[in-house]
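Residue numbers (the numbering used here), protein chains in the order written: chain A, 11 to 127; chain B, 11 to 127; chain C, 986 to 1140; chain D, 986 to 1140.
Quick caveat, the hints were computed from the structure, so don't treat them as lab data. Take these hints with a grain of salt, some might be off.
[Unchecked claim] With a straight-line cut-off of 27 Å between C-alpha atoms, the simulated BS3-like cross-links for lysine-lysine are:
#: 1; chain 1: C; residue 1: K994; chain 2: D; residue 2: K1117
#: 2; chain 1: B; residue 1: K61; chain 2: B; residue 2: K79
#: 3; chain 1: C; residue 1: K1117; chain 2: D; residue 2: K994
#: 4; chain 1: B; residue 1: K41; chain 2: B; residue 2: K61
#: 5; chain 1: C; residue 1: K994; chain 2: C; residue 2: K1117
#: 6; chain 1: C; residue 1: K994; chain 2: D; residue 2: K992
#: 7; chain 1: B; residue 1: K49; chain 2: B; residue 2: K79
#: 8; chain 1: C; residue 1: K1117; chain 2: D; residue 2: K992
#: 9; chain 1: D; residue 1: K1117; chain 2: C; residue 2: K992
#: 10; chain 1: B; residue 1: K22; chain 2: B; residue 2: K61
#: 11; chain 1: B; residue 1: K61; chain 2: B; residue 2: K87
#: 12; chain 1: D; residue 1: K1117; chain 2: D; residue 2: K994
#: 13; chain 1: D; residue 1: K994; chain 2: C; residue 2: K1122
#: 14; chain 1: D; residue 1: K1122; chain 2: C; residue 2: K1117
#: 15; chain 1: D; residue 1: K1122; chain 2: C; residue 2: K1122
#: 16; chain 1: D; residue 1: K1122; chain 2: C; residue 2: K992
#: 17; chain 1: D; residue 1: K1117; chain 2: C; residue 2: K1117
#: 18; chain 1: A; residue 1: K22; chain 2: A; residue 2: K79
#: 19; chain 1: D; residue 1: K994; chain 2: C; residue 2: K994
#: 20; chain 1: A; residue 1: K22; chain 2: A; residue 2: K108
#: 21; chain 1: D; residue 1: K1122; chain 2: D; residue 2: K994
#: 22; chain 1: D; residue 1: K1117; chain 2: C; residue 2: K1122
#: 23; chain 1: A; residue 1: K29; chain 2: A; residue 2: K61
#: 24; chain 1: A; residue 1: K49; chain 2: A; residue 2: K29
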Amino acid sequence: MSLQMEFEHRSKALIVRLKGELDHHTASTVKDRMEEAIKRSNCRNVVLSMKDLVFMDSSGLGVILGRYKLIADLGGKMVVCDVNPAVYRLFQLSGMFKIVSMADNERSAISSLGVVS
Amino acid sequence: MSLQMEFEHRSKALIVRLKGELDHHTASTVKDRMEEAIKRSNCRNVVLSMKDLVFMDSSGLGVILGRYKLIADLGGKMVVCDVNPAVYRLFQLSGMFKIVSMADNERSAISSLGVVS
Amino acid sequence: MKNNYMKLKFPALSENESFARVAVAAFVSRLDPTLDELTDLKTVVSEAVTNSIIHGYDNNPDGEITIAAWVEGTEVILVIEDQGRGIEDLDQARQPLYTSRPELERSGMGFTIMENFMDSIDIVSVPGQGTKITMAKRMNSHLELTDESNAASTG
Amino acid sequence: MKNNYMKLKFPALSENESFARVAVAAFVSRLDPTLDELTDLKTVVSEAVTNSIIHGYDNNPDGEITIAAWVEGTEVILVIEDQGRGIEDLDQARQPLYTSRPELERSGMGFTIMENFMDSIDIVSVPGQGTKITMAKRMNSHLELTDESNAASTG
Ligand SMILES: Nc1ncnc2c1ncn2[C@@H]1O[C@H](COP(=O)(O)OP(=O)(O)O)[C@@H](O)[C@H]1O
Ligand SMILES: Nc1ncnc2c1ncn2[C@@H]1O[C@H](COP(=O)(O)OP(=O)(O)O)[C@@H](O)[C@H]1O
């Protein structure tokens, strides 16, 4: 299990796909690899796909919030998509939706970026 | 997980399909349900399919041997089929193949019964 | 009829967070929990164990964490314990979004999640001695099945 | 670098046979074992735990079973222990196909499987006091990964 990541560089956004389990143990990998990919990317926006994320706890909230701040500092936007009910509940409890926007899937996440930017 | 069983009554043999994990905890279910099905069946031969058996230990050997004896007493034959490498090793270690015959799949198990009976 | 229980000890290594989740999930799986109940239990185990590792032991793997779990009627009880730093101000610690370690990107949501996902939570913490979290959750599945299927297997 | 370990206790209930297998499998999973290595470990855990339940405690759930597991270099060590009846004649007990409980449809293959699936086995048993089985298995996977990935997660 553990955590795997997939990156896709698009013109409008960097797509980051999380697979597996995001906890304190795997959070540092997510932090490091996302920062590296954001630095290399030409675009400031990030779409975070949680389609294949099978577990997440509050350490996941922390690492997502940290990356949100970095992206916001760079003038970009972050959209999370394909959020399963368990992760949705964590986002809701923590008030995360007040700052990070959500989309049903990658396509609508990218088109929402097209409208706002 | 645990253990599920499926029975199919054919003219030449009673087919018993084991799914899940066969250990000491689940062995008594296998014993009881097989004895019941053998009693109800018109034919004396049994094909034991292990296609979907994901775990087995020596308690499984014990319960299979016990059913073999019952069937042999009734004048029938027992053929095991679709044996995965892990279960194969247990059969080999215990000398089980000297008494129970093996087939690749249900079809060849049934046709082997046709020849021997 | 004796109810089932388990007691598990392991060092404060972050790789044990997933191990602890799987162990608790495997223990309760005989009670046939729903997927939601299982996710809730895995999440609170992850929160409490992570807290013991980071806050209790400051990531020092000499520290040891204990998980006890058992069944009482239709409830699952979890006790997660460390002999670490302990908590000075419990009221503050339980506040949503409060964290003493923002530099580690903690969200401050651990206790809030435990309170929300379980039916009850009791925290006993002594500074310099450690922290013990007792949580209970009622399961809607058929716990009685367990004793019966166990009795059947002795034959 | 501290090596990882775990210690697990549970009562002599047959439903805990699968729990014990899953717990050990989850513990070693961080060492990235092959599927065959994992099956071998699960099988020997099942054999030893089942023996403690049936032979050690005669299915009495007041009996408690302990599993300790740790990593030494490239080896996984398992210690499975009960405070049950103990074994009078160890040489006889270890013989393939020998069982003291044929009426329970035991195959007498438990010890033979443990000997064949592990690299080493040591049995200490005292009649009236209990049985302790220590087994080791060399893993062909990269154990060193574990410490590294743990160190990385403290940041
Ligand atoms: N086991 C523990 N040992 C010591 N302090 C703890 C422990 N668990 C929690 N705390 C304290 O309580 C605070 C709040 O915990 P929590 O709500 O889980 O948020 P977070 O882990 O994100 O900081 C922590 O920041 C820490 O100061
Ligand atoms: N933990 C134990 N406590 C007491 N006796 C045991 C224990 N484990 C094994 N034995 C004895 O050793 C014998 C052989 O064990 P084993 O090879 O596993 O075969 P089986 O379990 O099928 O009888 C058992 O029949 C029992 O008499």
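Query raised in the report: Can you give the numbers of the hints that this structure goes against, from lowest to highest?
Result: 14, 15, 17 and 22
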